[in-house]
Amino acid sequence: MATAVTHGIRITARARYEEAHSDAKAGRFIFSYRITISNRSEETVQLLHRHWTIHDSLAPVREVDGPGVVGETPVLAPGEEFSYSSACDLRSGFGRMEGNYRMLRARDGLMFHVQIPTMQLASPFLVN
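Residue numbering for the sequence shown follows this note's numbering, starting at 1 and increasing by one per position.
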């Protein structure tokens, strides 16, 4: 599990190798991840956009940009949390993901970025 706090927004990320959905011989390694976004600031905020950088030891770096997360642009009042799950595929059993969310502060329309902590992606049978 990895955690980062930016402007009072806490992002907790946890990745897991999905052996049942992966095929190492075919170079298909699937990792699920769960993100929890906690608004620990005193302002209501909305997640508008995501940006991921995906590093794979056997493939070029990929960039993923898009509106919201899993089809949503959640609004979080102070003290509220939003969690979601998604997945990433790699050609190798080793990689990492990192990125940021673009947020909007409701009170004055200020946009700011929140860091997503780096998630290490490693197939357990390759680690030892």
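Be a bit skeptical, because a hint or two may be false.
Label-pair ranges, simulated between beta-carbon atoms [stated by the list, open to error]:
{"no.": "1", "residue 1": "VAL61", "residue 2": "ARG28", "range": "37 to 43 angstroms"}
{"no.": "2", "residue 1": "ARG96", "residue 2": "LEU48", "range": "38 to 44 angstroms"}
{"no.": "3", "residue 1": "ARG16", "residue 2": "PHE82", "range": "18 to 24 angstroms"}
{"no.": "4", "residue 1": "ALA106", "residue 2": "GLU19", "range": "38 to 44 angstroms"}
Bear in mind the hints are in silico, worked out from the structure with no lab data behind them. Where is the CB? At the ideal position from N, CA and C, for every residue including glycine.
Hint-by-hint comparison with the structure:
no.	hint	verdict
1	VAL61 - ARG28: 37 to 43 angstroms	violated (18 angstroms)
2	ARG96 - LEU48: 38 to 44 angstroms	violated (24 angstroms)
3	ARG16 - PHE82: 18 to 24 angstroms	holds (20 angstroms)
4	ALA106 - GLU19: 38 to 44 angstroms	holds (42 angstroms)
When held up to the earlier numbered hints, the structure conflicts with 1, 2 and fits the remainder.
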